[in-house]
Amino acid sequence: MSEMNKTGAPVAGKVREALREFGLPRLIIAAFLLLMFIIAPFTGANFWSQITNVFNRFSWNAVLVLAMVPMVHSGCGLNFGLPVGIIAGLLGATLSIEWGFTGPVSFFMAILIATPFAIAFGLAYGWLLNKIKGGEMMIATYVGFSVVSFFCMMWLVLPYTKGDMAWGFEGTGLRTTFPIDKYYGGVLSNFLRIQIGKLVIPTGALLFFALLAFLIWAFLHTKTGTAMTAVGSNPVFARAAGINVDRIRMLSVVMSTWLAAVGILVYEQGFGFVQLYNAPFNMALPAVSAILIGGATANKASITNVVIGTILFQGIVTMTPTVMNGLINLDISEVLRMVVSNGMILYALTRKTEATR
Amino acid sequence: MNGKKTSGQKLLGFLGANSVPIMFIIIIAFCIPVVGFSPTFLLNEIVTRLSRNAFLILSLLIPIMAGMGLNFGMTLGAMAAEIALIFVTDWQIWGIPGMVLAMILSVPLSALLGLLCGKILNAAKGREMITSYIISFFMNGMYQLVVLYMMGSIIPILHNNIKLPRGYGVRSSVDLTHIRKCLDNLLAVNVAGVRIPLLTILIIAAMCLVIVWFRRTKLGQDMRAVGQDMEVARAAGIDVERTRLISIVISTVLAGIGMVIYLQNMGDMATYSSHSQIGMFCIAALLVGGASVDKASIGNVFLGVILFHTMFILAPSAGAKITGNEVIGEYFRVFVSYGVITIALVMYETKKRREKAGIGQQLAAAQKEGDK
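Chains A and H are the protein sequences, given in the same order. Each number in our numbering comes from the position in the first sequence (counting from 1) with 22 added on. Each number in our numbering comes from the position in the second sequence (counting from 1) with 1284 added on.
Derived from the structure by calculation, the hints contain no laboratory data. Treat the hints loosely; a few may be bogus.
[Said to hold, decoys possible] BS3-like, lysine-lysine: derived pairs with alpha carbons at most 27 Å apart:
hint : chain 1 : residue 1 : chain 2 : residue 2
1    : A       : K322      : H       : K1403
2    : A       : K322      : H       : K1636
3    : A       : K184      : A       : K204
When you get a sec, could you build the whole thing from the sequences and use the hints?
Listed below in structure tokens is the structure:
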């Protein structure tokens, strides 16, 4: 009996442990995506253009998912308040265009202009989250909604005049959606773009994400970054070690908010349009579920989680419509996305190990 | 609780403790003269909306009693009701029988969904609200899967007029003309130009009585015990998980019935969006009435419906009068709904923290006493 255990059990145990670590939902999603890639060629879809799609969607969304990381690290939970940062980014985008910047300059000016807004919003948002430790996620959701709906009014009222954005005749308010090819559309994606047959790689956008991800990674290894992780894993211990918990949390919220602001600008340069009004409402949940699919938990997230999660999530989002359409002429991708993304969040919320903070 | 107080003192205490309702009264007092609606019109609208929404909001009370916070999962009941109404419309059972049948059909469905929701919430203690909020999104996906893809292909739908032209899936709007206001018009009375749907109001009143009675039953008492302290309740021999489960099931079933009442008044059902906003508006209305995450009464429900929906009626016209743009008023009322929920949640969490800190200080004080 003991002989057998010595040889057989460790391997089986290790496999089981690895599986548990990976999580059943993640496994299902990864297997599903793999299946999609295998089926895709049979439905007449070009394999390389599919890969290109996944690359593109990854480059649009990765920074928004990265914006989850600082707040998760400091124990503020999943950043359902992503729209707060997105609004800062939208202010940067619209003001940069309004003030007459064009081309690549408008992109960097948008980031520059968005920064003070992101910092101001982040400070206010962080201050609020420090008041209500333990209830962050629900309140973050509604703070995000409140800010978005407040800015729905602001987009109408603020005195924007640039013809490309504002409603032409009445001269009041911004359009719901407007193209930005004259400004910073494709600014990153077209930079150093590689094209091999049907495979197109948006190198610039990927490099930009890599740069931000590296900065975050490096930051998390500085003294302040380690303190942030300490606050997230055990606030009582961190306080005892002389760390100012509230300040660290505030810093993490400001970082997340700024990353969200940059993230929406990166998204727009890939997508080619700026979407105002109700659009930011639906931005938080996909980003939250992407990082969870990547293996993050409510209080632990790494850059790897961001990369894997975004690839898996965006992979499913791009692959299912083509495969389903080709296969049974039925597009249930929207429904599938809702079920997968919210199911993943539910899974994370109900896991016992993650419930105790 | 303070039965000895006079109604005047009660009212004063009530207003003092509730900044949100007072804020609303001020907004409304400001908007009414600006808009200039006639009192009859305004009263008519308020009575209609009261009878339309009150039952739905009542469904929120029981989970609050059980300490599970605002049940964003009430949307599940609304979905069950919509599925029931699709079938009833398809079978062409009109009027009161159709409505009653829809209610009956919705009950097992919402009980099942409530059971599922309750199970999940039991696994996510301490963050019920965010979880129930995500459940409502998750189930919305499931609902679309059933209604948009399975109905007409797997689930038999007899009549083509509710199916999409492609042959399966339900149209984005289901016409409920034959059920429209059948409950409201039965026993309706006119008082000084204001049309009062007496039967609907009687049903709502009966529901209020049931809730008052329910609070006094053994189960109701258990729920309150669980709501106050789960561990203490468990020590007292209460099956905490089961009690919480039941509270969610009751809430979901009531929400389903409430949704049928709501839709019979509307007379038209937006298949894929009717339910999505209902949870938020009901919760916002309850909070406007002075309820909090851990405490809500029947009074809060009615005050909330009246204040919140008066604002709803006034906001677009007020926005148009003040800024010349009607859309602003519409955005404003959405903003106010979200804002009210945010404020209520923040107040609840800060109160909870203060209480925790208070307990800590008491303990520290007690320790000092002991040291002496």
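Okay, the hints, checked on the actual structure:
1. K322(A) x K1403(H): 26 Å, holds
2. K322(A) x K1636(H): 26 Å, holds
3. K184(A) x K204(A): 13 Å, holds
This entry satisfies every hint, going by the numbered hints stated previously.
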